[in-house]
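Trainee: The residues making up each chain are set out below.
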Amino acid sequence: MPQEFKRQYKEILEQYTLRQTEHNLYEGQNFSKQLIQKNISPEEVISIHKASLEEIIPDLPEDVSHSFDLLIEVMIRYGLALKEHQTLIKKQENIKMEMELAANVQQTLLKTKVPEMSGLDIGMISVPVKEMNGDYAHFLSDETSVGIAVADVIGKGIPAALCMSMIKYGMDSLSGAKTDPIIVLDVVNRIVEKSVSDSMFISMFYGRYETTESMFTYASAGHEPPLFYSAKNNEFTELQAKGLLLGVIPNVKYEQHSIVLEKGDFIVIMTDGVTECRSKEGFIEQKKVMEIIESVKEESAQSMVEYVFHKLEELQDFEQRDDFTLVIFKKM
Amino acid sequence: MPQEFKRQYKEILEQYTLRQTEHNLYEGQNFSKQLIQKNISPEEVISIHKASLEEIIPDLPEDVSHSFDLLIEVMIRYGLALKEHQTLIKKQENIKMEMELAANVQQTLLKTKVPEMSGLDIGMISVPVKEMNGDYAHFLSDETSVGIAVADVIGKGIPAALCMSMIKYGMDSLSGAKTDPIIVLDVVNRIVEKSVSDSMFISMFYGRYETTESMFTYASAGHEPPLFYSAKNNEFTELQAKGLLLGVIPNVKYEQHSIVLEKGDFIVIMTDGVTECRSKEGFIEQKKVMEIIESVKEESAQSMVEYVFHKLEELQDFEQRDDFTLVIFKKM
Amino acid sequence: MNLRSSVDIITEWDIVAARQLGRNEAKEVGFGTVDQARITTAISELARNIYLYAGKGNIEIKQIAEGNLKGLLVIASDKGPGIPDVRKVMEDGYTTSGGLGAGLPGVKRLMDEFKIDTVVGEGTTISATKWLR
Amino acid sequence: MNLRSSVDIITEWDIVAARQLGRNEAKEVGFGTVDQARITTAISELARNIYLYAGKGNIEIKQIAEGNLKGLLVIASDKGPGIPDVRKVMEDGYTTSGGLGAGLPGVKRLMDEFKIDTVVGEGTTISATKWLR
Ligand SMILES: [Mn+2]
Ligand SMILES: [Mn+2]
Ligand SMILES: [Mn+2]
Ligand SMILES: [Mn+2]
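Protein chains in written order, with the UniProt record's numbering: chain A, 1 to 332; chain B, 1 to 332; chain C, 1 to 133; chain D, 1 to 133.
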């Protein structure tokens, strides 16, 4: 094969020494694509160049011939780096496949179904920044109650994803959707505190909506405060609730608050991936996020969360920086 | 900086055209290490070579000069591949760090403490083949009973590790070390069946030793059968127990068996990473594994498992192929 | 100073014409042989992308200046199908990029600045700048 | 045919001597310029490792044959500290390998066969073969 390459290269070089056209150079560059694909290393290219030149210029000064031997010696290391690159590309492909498989496993493990409740419209979106999600949203429900847990592990990627599974099993151990938010946080906090190292923290919000009273009861473990939109006043307020992050100490007293929703009111639960979006000009302000939500408030809750995601994606120049989770509960 | 490189290169080249010594070539090669470290791309090397040669040989034929322009054109792509390599190396380093962090998180999440029981000597080793472990060993205990769960997810690495956490939370939901092995497998099977996709299977063994009766009671979900060593007969037998892998169907009837241990008897629980060790000559036979264990049967259980691991590692030429978990319960 | 000139890309020969134009302009700005070859390779890659994926389009070359800095701006535009997943084509070693160091990541590496605007169904505009140092 | 010759590595100058020996032998076997340079680079790297990490040792060069196949065997041996973690030094991009494409992974790539025997506290022997094709 190198013989064939030498023949081709010599032809291109011969043409080029005669005429020096752009077309010759274009041929040279296309040829180099082939060389790389056939694993011809740069030191071999120099060697081919030398041999071709010696044939094209029969009275080539001896010094010039010798000079190529030094150049070959110098190029050996470049050739090694290239071969190393090929090994690394294969390794990278294997890792990528493993990550994709892991992301699938995670999706199956953490899957949650958005419940259908009469009188309540629910929308949910959760988009990881890497393959694996370090945010978590989980629903519990029965005929008249629906519970929503939204959590965010400090950090992203695989380590965060591993921790997330913990929350899921904590939630699975609860008796049902009627459980009080402060009890939910207490149970999960004990599990997290027992299982993770001191440097791993999780923020979590838990809210429960009861359709009979249109009441939303909630508690927070250091989580991003949700927004409450009042249709009557056409304004947003933050739902404040104090509470330590999960996993810090075993016994935490969480606060529980309630709010009654009227028709058209909605609650926006999210992770900091929503509020800490950054455009080239700096952080996107909360006011901007509210404006975006408000502009689609008449749409279905699912359309709303999807619109907000795409709008913020655009404002960020499609460079998502953190896992993004957004849930809307809207009273119909 | 390139000016300085050109000066150095010209000097080496000048010496080489004069004398062609090995020493000149050695200098050339050492110099090329520097060039690569300073991100000098191969096309720049050609350009430096050309300029140096033109200075060293003032009457250099024009054709030779031109020929280098084609060579530069050809080398551009090699330069690109090299830059791509540098990006990839950085990426790889980040992934490596993430994996190490994840492995730490997993170790903290899945940590289990080998219990101390009077009359029973316990040894345990679990070594992942990649960063993350797809094998799992977990102990439960009270004053008079000790339970041991050993599980292996189909597959290795991150996807397997994610699934493993499921077993942990299943085990955590049990009421204690007195639970019957068939109940343990039933509980975990229901969780697994609910949570994982149809293509993900887990084999699991659960055994419970009661010190009061020196009795070992066990059940298996498609797991590698443990070995029972009888000191009196100086022979190994397999502890058979039928049972479907976890996660296939929700209702499985597992079999439960019991065996009474006498002084010096021991039970060897393991994953297929132990039995499917391969040397250059092929699989290492079960008989060989038994021989290795038997040769250290007088040592402490912990010394035994560690010795077996190192011996098998050696026989495999230090190329571990699967996660390796080995537990020994020895009656004292 | 704002010299501009352009080449329509319709046949493979136009790729060579765009390269020639780019090399001439690069020489005029004062770029050395290696940088000329890099700029030309970038143009080559952009023109080839137009030729292969959009059918036709245009390569525009502009000499530019910012303060004391002189440079060359290459604008490749087409009304082709657009790029549905920009993140993917900018990924190293993405198979359709034609192997090692090629494709748009290669163009980005060869130049100093790189910007891509693409709308699916409407077309793509890629701007790439190289500054003379 | 079993020609052998060797160079003790004690000072940096001996690295050049080992290279010279390797190049001569490679030329004699019939290797072309590029392969000569590859073999020499491998020898250089092995000799440098001895010089840096073991203090002293020996590079032996043997012309070998197997059927019609001719080749060159390079054996680098030292009584140095040995390599505690072979897997790590054979990893690409391991920092102590001195960067891109260098170190033992580089030697392995430059040659056709590569074998490493090392005992901590006793020393290291590395054998590498290149066949003439
Ligand atoms: Mn996070
Ligand atoms: Mn976050
Ligand atoms: Mn496994
Ligand atoms: Mn296994």
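FYI, nobody ran anything at the bench for these hints, they're computed from the structure. Just so we're clear, the structure is a prediction, and the values are computed from it rather than from any experiment. Warning: the hint list may mix true and false statements.
What the hints assert, rightly or not - As a list, the in silico BS3-like pairs of lysine-lysine whose alpha-carbon atoms are at most 25 Å apart:
| id | chain 1 | residue 1 | chain 2 | residue 2 |
| --- | --- | --- | --- | --- |
| 1 | B | K90 | A | K96 |
| 2 | A | K83 | B | K178 |
| 3 | D | K88 | A | K91 |
Claimed, not checked - Among chain B residues calculated to face chain C with C-beta under 10 Å, some are:
| id | residue |
| --- | --- |
| 4 | D69 |
| 5 | K91 |
| 6 | I95 |
Ideal placement from N, C-alpha and C gives every residue a C-beta, glycine not left out.
Trainee: All the hints need checking, so say for each whether the structure fits it.
Mentor: Hints and how they fare:
Taken as a hint, the B:K90 and A:K96 pair is honoured in the structure, with Cα atoms around 15 Å apart against an allowance of 25 Å. Under the criterion of a C-alpha separation no larger than 25 Å, the hint pairing A:K83 with B:K178 is inconsistent with the structure, at around 58 Å. At most 25 Å may separate the alpha-carbon atoms for a hinted pair to count; D:K88 and A:K91 meet this at roughly 16 Å. Among the interface hints, the one on B:D69 holds; its C-beta lies about 6 Å from the nearest C-beta in chain C, closer than the 10 Å criterion.
The interface hint given for B:K91 holds, since its Cβ lies 8 Å from the closest Cβ of chain C, which is under the 10 Å cut-off. Interface restraint check for B:I95: the shortest CB-CB distance to chain C comes to about 14 Å, outside 10 Å, so the restraint is violated.
When held up to the earlier numbered hints, the structure conflicts with 2, 6 and fits the remainder.
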